[in-house]
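**Q** Take the given structure of chain A and dock chains B, C and D to it, following the hints.
Protein chains in written order, with the numbering used here: chain A, 1 to 345; chain B, 1 to 345; chain C, 1 to 345; chain D, 1 to 345.
Be a bit skeptical, because a hint or two may be false.
For identical chains, the list gives no copy identity; a pair is met inside one copy or between any two copies.
What the hints assert, rightly or not - No farther apart than 30 Å at their CA atoms in a straight line, the calculated lysine-lysine pairs in the BS3-like style are these:
1) Lys-3 with Lys-335
2) Lys-225 with Lys-188
3) Lys-88 with Lys-2
4) Lys-335 with Lys-2
5) Lys-255 with Lys-225
6) Lys-163 with Lys-122
7) Lys-163 with Lys-225
8) Lys-55 with Lys-260
9) Lys-55 with Lys-188
10) Lys-55 with Lys-335
11) Lys-225 with Lys-2
12) Lys-188 with Lys-2
13) Lys-55 with Lys-163
14) Lys-2 with Lys-136
15) Lys-163 with Lys-136
Worth flagging that the hints you see were computed from the coordinates, not collected in a lab.
4 protein chains.
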Amino acid sequence: MKKVSILGATGYAGVELVKLIANHPQAELVHITSESYTGQRLSDVYPHLLSLCDKLLESMNDLDSILDTSDVVFVALPHGHAMEVGKKALEKGVTLIDLGADYRFDDTNVYEDWYHVKHVHKNAPRVYGLAELNRKAIKNASIIANAGCYTTTSILALAPLVKNHLIQLDSILIDAKSGTSGAGRSPKQQTHFPDFYDNFAAYGACTHRHTPEIEQAFSHLAGQKVMLNFTPHLVPMSRGIFSTCYASLVEGVTKEEITKAYEDLYGQEYFVRLLGLGAYPSVKEVRGSNFCDIAWHVDERTHRVIVLSVTDNLMKGAAGQAIQNFNIVSGFDEKLGLPLVPMYP
Amino acid sequence: MKKVSILGATGYAGVELVKLIANHPQAELVHITSESYTGQRLSDVYPHLLSLCDKLLESMNDLDSILDTSDVVFVALPHGHAMEVGKKALEKGVTLIDLGADYRFDDTNVYEDWYHVKHVHKNAPRVYGLAELNRKAIKNASIIANAGCYTTTSILALAPLVKNHLIQLDSILIDAKSGTSGAGRSPKQQTHFPDFYDNFAAYGACTHRHTPEIEQAFSHLAGQKVMLNFTPHLVPMSRGIFSTCYASLVEGVTKEEITKAYEDLYGQEYFVRLLGLGAYPSVKEVRGSNFCDIAWHVDERTHRVIVLSVTDNLMKGAAGQAIQNFNIVSGFDEKLGLPLVPMYP
Amino acid sequence: MKKVSILGATGYAGVELVKLIANHPQAELVHITSESYTGQRLSDVYPHLLSLCDKLLESMNDLDSILDTSDVVFVALPHGHAMEVGKKALEKGVTLIDLGADYRFDDTNVYEDWYHVKHVHKNAPRVYGLAELNRKAIKNASIIANAGCYTTTSILALAPLVKNHLIQLDSILIDAKSGTSGAGRSPKQQTHFPDFYDNFAAYGACTHRHTPEIEQAFSHLAGQKVMLNFTPHLVPMSRGIFSTCYASLVEGVTKEEITKAYEDLYGQEYFVRLLGLGAYPSVKEVRGSNFCDIAWHVDERTHRVIVLSVTDNLMKGAAGQAIQNFNIVSGFDEKLGLPLVPMYP
Amino acid sequence: MKKVSILGATGYAGVELVKLIANHPQAELVHITSESYTGQRLSDVYPHLLSLCDKLLESMNDLDSILDTSDVVFVALPHGHAMEVGKKALEKGVTLIDLGADYRFDDTNVYEDWYHVKHVHKNAPRVYGLAELNRKAIKNASIIANAGCYTTTSILALAPLVKNHLIQLDSILIDAKSGTSGAGRSPKQQTHFPDFYDNFAAYGACTHRHTPEIEQAFSHLAGQKVMLNFTPHLVPMSRGIFSTCYASLVEGVTKEEITKAYEDLYGQEYFVRLLGLGAYPSVKEVRGSNFCDIAWHVDERTHRVIVLSVTDNLMKGAAGQAIQNFNIVSGFDEKLGLPLVPMYP
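The following block holds chain A by itself, in its conformation from the complex (with noise of 0.2 Å):
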């Protein structure tokens, strides 16, 4: 059994860890913090646990004494928040598995571009914690970056065409569209429900910061700088990634590479399902598990490949992925503790 706690237990994704740690056969919730909630019962502030989480809500005031009965810490909070945590923990020897940006960057400059952010953990030893791409290191890690949302589903639906320089890398735009749980559980007037029912609208179009994220990780695949568009928008529904990925194929590239080279990266990875060429995934297939579903598609007239990739931005994008980590890095099988099947309708 690992002791656990999650700090920013009262964001959609902090609650989401909540709800896969109390079903994890392997895990013991010790501490959850919210600094909006100090001193309230979780279920006071999200009644659907009642009865299965009415644990108090702590301060991260107390943070030494929650990392030194803890052997895991989620950090499911805004961005900048993750550093000083992270410098702790590792003094303490307590793994950090952190779901905000704070280490994903090798470059800690990129992350102080985009975010605006100085970071104050430079030397960090990290990992990157997508584990398709980066399980062994994972395996090891003191601290654990997990992948963003978007960047998960967009980084999965064209790691096998990057790798593999099967598509020409300066022309990659992703179009991606997000449930609007992405946009977090503060009320805003954008996400008011009357101004967004039946709405649907673009943001962050070239300025979104996941982009030198997916930058980052096709570029290690590719083994050059890559760059690309990257344009969100926010969709009417409550989860759910949806990324159509666009790119001008190498001369002379045939389906059949297409198809081998998805195959040949995600055959034996239970949590990527290949819907094949010419399929078409959905966000509800996937809602409430920790799959991404990918499917491809080539037009012969403009030699493009068309790749399309889901996920439920809680789970894979976010709390079932870290949940992954959790268990990679404790050795413990991938998918324990992690709902399998997905709620449809």
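**A** Then chains B, C and D, alone, in the frame of chain A:
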């Protein structure tokens, strides 16, 4: 042409009024106010109005000059704010149409009990602005109290049965359901998109302020005091109210008498559509229009009648009804400037 | 390990059962049937099950061999189809859990009157499968009639008050609201997305077949015949039932007696959560779980009680309840294999 | 007054046309047809039209007499059905406005290749009915081919850039999203409410028929053949199209040139609203109106431009555009009879 001003133009009812006034052939919009957005253009707050209403929002601090240049003033402010306006409007001979509750009650003690606000204009000459029941009085009114959204839908549903004493007056129950625009424009946790999508909830059981307003109307119609239960619910949709009204039939009352009561009261009404015995209205069938559709069912086993009625809460339940009243008091055709065909699908 | 088969695996309740059986540590799924999709894989019909249940769908023509290799058979077929299965299952000593209405009525005339189908297994030994009220009988049953979705939600809401005669038994009104999955998987005009999005409607007023089922349960509890009104509505959401139940209090009944009645009946029940006096449940707080959340309100003015209850119609209202019954009849922990934490948001 | 008939009045575009004609001061509706509902009243099929359009639906078998008594005929039928109507309308001097694809292509081989229907009216004098690009030709046309919904939204988005050769013509990608009314009125599994609620999916990648229509328009504007990728998606909402359009800038093109191109082409257009550089349109801001709102973003890192445009697919994308064309060909003010203010929220 009537010179018209709208106090509180940035709430949902206010902006719907702007839309209707913009289409009204006999109204000219002279002032719009908002205390939160004073000095901004309305289309900055509501981009859908770009090029249609780029008027500057003023403050109510300038109330005197607003009144001096207006023939009619619509008040779409939270309750408690119309009374001072009403006093001045009366002095200056400006007609006031209030979409709030301040002038709805004959007995201002009832208002004070349910709204917890002191009534400061108790002797105001005022009429209850539900045209189908009170048209004559509206024609010559100085201060018109628009009926509430739930109340309009519920009163119209049962008025024929109450007036003709076809139901037992102590047996009335109203179970009402509203789209989320009824909860107003301010973002709140409950109406944050991810929280309320795919959700349904009740609120205000036994305590909702529309209860005494419905009771007042039924007491007038019946000639005796009526008390009832009213339970509102929130539906994950934008607009629309659905009232399911229950009552026990007075012994011996036949289906034919029920139908006749509806036809007698509403046979000549343009904005009430009688779907008849055994039919089912739906909120989408009146969306964007000023209609109230009504159907009824008789249960022979339990001797109860169930009446179903629907409106668009921002139209017949607020701005549309206000324009209907404006037309009546101005001597115009009651339909003038109102969009007649619902938006479907 | 119990060998389990599901007849009618491609309806929404059937596929939810597949999901639950897939997660159940003491059940092995041996046969799934569908007359429309015989010979296809379940994951061809429901791609969310890809790699999770790629089993072939069989026909019920092979009923004998299905029964011969099963310990328990779940029937998730339209009403009228379980009785022939029941006869054979009884002969062969296979436990039958029917999610339909065929075995719900003590008096098969009531079934024939409301369902317009001849009952062909009138002498069947059967128990009504609402565990919270009938657990002992379920333990030793051969044929278990799962309660309906609306009925489960509504019966649990009022059972303590009916049983203790705290309410006037001729005053009961139930206004219920369901997500659209309750209308089944077959595409229809009313539940076509553009028609029902942003819409709300009632149906089956005075005639819905869950009426006599609720009446039967209350009659048993009260020890006298109970008649009531039940009005279902469709809400533009996927899942969830919300029942708003009204009744007049017997004179002199206090709030404390009401609360005590709920605590006495449900204090030990895992799957009933009492939110208490003055609280508000919401359907999202039980989504994907087997919980029924209940709250109540007392109107001092009208001497009525208003009880609010919610379930997930495919879980506690169908497949979850069926698994609960399966666990009881199999001697397992009642929670075994059931997802405990609702999916939120 | 123009005498107007609508062939195919019971599809979503047809019934929207009925709504618009009902509000049009210079049009009289003389015939409406439906092969599925011949002999019924339109308000039996669409109860929202009760008391507004209770007209009987006729069959197209009476086409001659329909044409003989009409000045203008709108065709809102599936593709393949307008050509026979067009031949006769031409003979009889009746103006035809087709909402389908039959007359959209200069090269009827393209039509035959993508639509798999033989073109039987190849020499028809016809004009492409996108007013902002083709107004002069529309004025004197006999047969007007209304542009498609996706195509209108996408062509308007990029036309200024294509026309002025500011973008690389082989780099165009259009990622489009539509509300479900775009999928038509016939119930299907994919658009069954429980299946598509809280869902999102792509379809028709590389093969959607609006692709060659957009290519034709851009080829005309550019003076050279243009090929592109167009990927449509379905959004869980009723109405609205959102096009996200990508292209690489020609070297040296500045933001100012881009803005100027939009202002030059659309500066005088009532129904195109330019939100400008860096802005974000949303589909709700044009709902129920004939507007197309456009904004653009320039990525300095990748030298791409991203253009965002929105329409209401049943208005500017279908019936509204048809009325705009009707007004032009009739010599009326282009806005006549069109609802100007979007419905928000």
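**Q** Confirm or reject each hint.
**A** Status of the hints after comparison with the structure:
no., hint, verdict
1, Lys-3 with Lys-335, "both (18 Å within a copy, 25 Å between copies)"
2, Lys-225 with Lys-188, "neither (37 Å within a copy, 44 Å between copies)"
3, Lys-88 with Lys-2, "within (19 Å within a copy, 50 Å between copies)"
4, Lys-335 with Lys-2, "both (16 Å within a copy, 24 Å between copies)"
5, Lys-255 with Lys-225, "both (26 Å within a copy, 26 Å between copies)"
6, Lys-163 with Lys-122, "within (28 Å within a copy, 49 Å between copies)"
7, Lys-163 with Lys-225, "within (12 Å within a copy, 34 Å between copies)"
8, Lys-55 with Lys-260, "between (49 Å within a copy, 26 Å between copies)"
9, Lys-55 with Lys-188, "both (28 Å within a copy, 25 Å between copies)"
10, Lys-55 with Lys-335, "both (26 Å within a copy, 21 Å between copies)"
11, Lys-225 with Lys-2, "neither (39 Å within a copy, 56 Å between copies)"
12, Lys-188 with Lys-2, "neither (37 Å within a copy, 37 Å between copies)"
13, Lys-55 with Lys-163, "neither (45 Å within a copy, 35 Å between copies)"
14, Lys-2 with Lys-136, "within (21 Å within a copy, 39 Å between copies)"
15, Lys-163 with Lys-136, "within (18 Å within a copy, 52 Å between copies)"
Checked against the numbered hints given earlier, this structure breaks hints 2, 11, 12 and 13; the rest are met.
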